[in-house]
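Q: Now for the letters of each chain:
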Amino acid sequence: MSGLLHEMTEKARARNVPLGAQIDLTYRCNERCVHCYLDHDDHGEMTTAEIKHLLDEMAEAGVFILSLSGGEIFLRKDFFEILEYARMERQFCVKLKTNAIMIREREAARLREIGVESIQISIYSHRPEVHDAITLVPGSLKRSLDAARFLKSQGLRVVFANVLMVQNLQDYEGVRGLAKEMGVESTLDPTITPMMDGSRSVLQLGLKQEALRQVFRDEGMLAEVQEACAIASSADENVLSALPCSAGHTTCYVSPYGDVFPCVQFPLPTGNVRKQRFLDIWRDSERMKEVRSIRLRDLTTCSSCSHVGSCTRCPGLAFMEGNMRGPSSQDCEKSFARTGIPSANMLTKKPSAAANLVQIQIAQTASAAQTSSALA
Amino acid sequence: MSSLYVARSSRVAARSLDGEMMIMSGRDSTLFTLNKTATILWQAADGATSLEQIVQQKICTEYEVDPGEALRDAESLARDLASHGILQISEEPIGMGESK
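So the sequences go chain by chain: G and A.
Residue 40 in this note's numbering is what sits at position 40 of the first sequence, and the numbering runs on without skipping anything.
Residue 408 in this note's numbering is what sits at position 32 of the second sequence, and the numbering runs on without skipping anything.
Simulated from the structure, these hints should not be mistaken for lab results.
Treat the hints with caution; some may be incorrect.
For lysine to aspartate or glutamate, the following EDC-like pairs were computed, each having C-alpha atoms within a straight-line distance of at most 20 Å [claimed, not checked]:
| id | chain 1 | residue 1 | chain 2 | residue 2 |
| --- | --- | --- | --- | --- |
| 1 | A | K412 | G | E60 |
| 2 | G | K11 | A | E396 |
| 3 | G | K11 | A | D449 |
| 4 | G | K77 | G | E105 |
Partner residues are not named here, just some residues of chain G that face chain A (Cβ under 10 Å, in silico) [what the hints assert, rightly or not]:
| id | residue |
| --- | --- |
| 5 | R32 |
| 6 | V34 |
| 7 | L66 |
| 8 | C93 |
| 9 | V94 |
| 10 | A109 |
| 11 | E117 |
| 12 | S118 |
Remember, predicted model here, so these are calculated numbers, not experimental data.
Backbone N, C-alpha and C define an ideal beta-carbon position, used for all residues, glycine too.
With these hints in hand, go ahead and build the complete structure from the sequences.
A: Spelled out as structure tokens, the structure:
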């Protein structure tokens, strides 16, 4: 994060302003990625008018950086209408997340015309047989890469997002090389998110300790392996007073059904914009306030862990394990892989009960608009 | 009398935070922040109101400043913002729909 953006983020946090937000416009998708946590049916997405109204409320609340994601955003017939409204009428800084397989020359030109900060494209491998076996769509790698070229030719900023799992473990260098060759950026993330219905079966696709260690200690990936893998010094009062992450502090997430959560990876329902004003949910939701109240010193187990100051612990993943103040096992594994020191959670070997999490409850009525989110 | 007109670029992202404007350039994603005075100028830059009118009506009424000095500062600021592509300047009124 640039110094100026960091400064503005701190200012936003002090004034309780949601500087960044992600809206998933749809959960429908034209790929069927094996690791995806979403239910791809449409349970009553917000209409164009509802989304525009939400954008009005978000702009008024101070949201500046807006990520539009899904599902596949280009499946919405009103996608460009929404994007144009967000950019031209409400002046958001817009980032897109897409598989890009519906982007051709015409769409790329339109995106340049409207102006977006970046387009993040999911690329899992440089080899079609690996990428397409993850998306379950033959030809998807070629189409995504063609789109990336169209976007680049329009001078747009493209970022390849690679989720690392068992299937593509050997290909992250290939994706990075491809990105370099095409002049685009790339990111790598070994996090697998549990399914939105609470099922954790998808986690079996995640990397095991030995593979994680290989990635974290790859000198080709990290210029300063020693520094990145160094054991953090003991936590002082400053560290323990720090926030776990930006979720609920300066960022939040809204589902296609209008449900507001602290983050896309933190399925704690805090309200619904179909029933309440966005700013009222942001400011007054008791659940949002609870998330906001947590400091590192409040974390059970983690506050006494040697990794507390350097861990990538995700409060949302911890929540999905049953306790938003508890450890996130995936991040314990990452800290262990980086440093060779087991986390406090790993040493206690105390199994945590996974919460029965349901993000979406489908109302048994004809009205799809009655779809609601709840923690079952 | 200055006949300089200023218009906000439609290529930028912008949001006010505590009276200061955050602006991200559509050209290269560079982030800028404007102080409260510069924010007044930015918000008034509708392409139809001259810079001199903006200074007289929006800045001199808000701050105790010499109008001539304020106008010189405003021109310098406007040219600086224009060099980053976040403001358009012209000696003729600018249609906001035309601003790039």
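Q: Each hint needs a verdict: does it hold in this structure or not?
A: A quick look at each hint next to the structure:
1. Taking the CA atoms of K412/A and E60/G, the gap is about 18 Å. The hint holds against a cut of 20 Å.
2. Proposed proximity of K11/G and E396/A is supported: the alpha carbons are some 11 Å apart, at most 20 Å.
3. For the hint pairing K11/G with D449/A, the CA-to-CA distance comes to about 27 Å; that exceeds 20 Å, so the pair is violated.
4. Restraint check for K77/G and E105/G: satisfied, since their Cα atoms lie roughly 18 Å apart, inside the 20 Å limit.
5. A hinted interface residue such as R32/G counts as satisfied when its beta carbon comes closer than 10 Å to some beta carbon of chain A; here the least separation is about 33 Å, so the hint is violated.
6. Among the interface hints, the one on V34/G is violated; its C-beta lies about 33 Å from the nearest C-beta in chain A, farther than the 10 Å criterion.
7. Against a cut-off of 10 Å between C-beta atoms, the interface hint on L66/G holds, since the closest Cβ of chain A lies about 9 Å away.
8. Given the 10 Å rule on beta carbons, the hint for C93/G holds: about 3 Å separates it from the nearest Cβ of chain A.
9. Interface restraint check: V94/G against chain A, minimum CB-CB distance 7 Å, threshold 10 Å, status holds.
10. Taken as an interface hint, A109/G does not check out: its beta carbon lies about 15 Å from the nearest beta carbon of chain A, beyond 10 Å.
11. Interface restraint check: E117/G against chain A, minimum CB-CB distance 6 Å, threshold 10 Å, status holds.
12. Nearest Cβ of chain A to the Cβ of S118/G: about 8 Å, under the 10 Å cut. The hint holds.
The structure fails to meet hints 3, 5, 6 and 10 from the earlier list, while all remaining hints are met.
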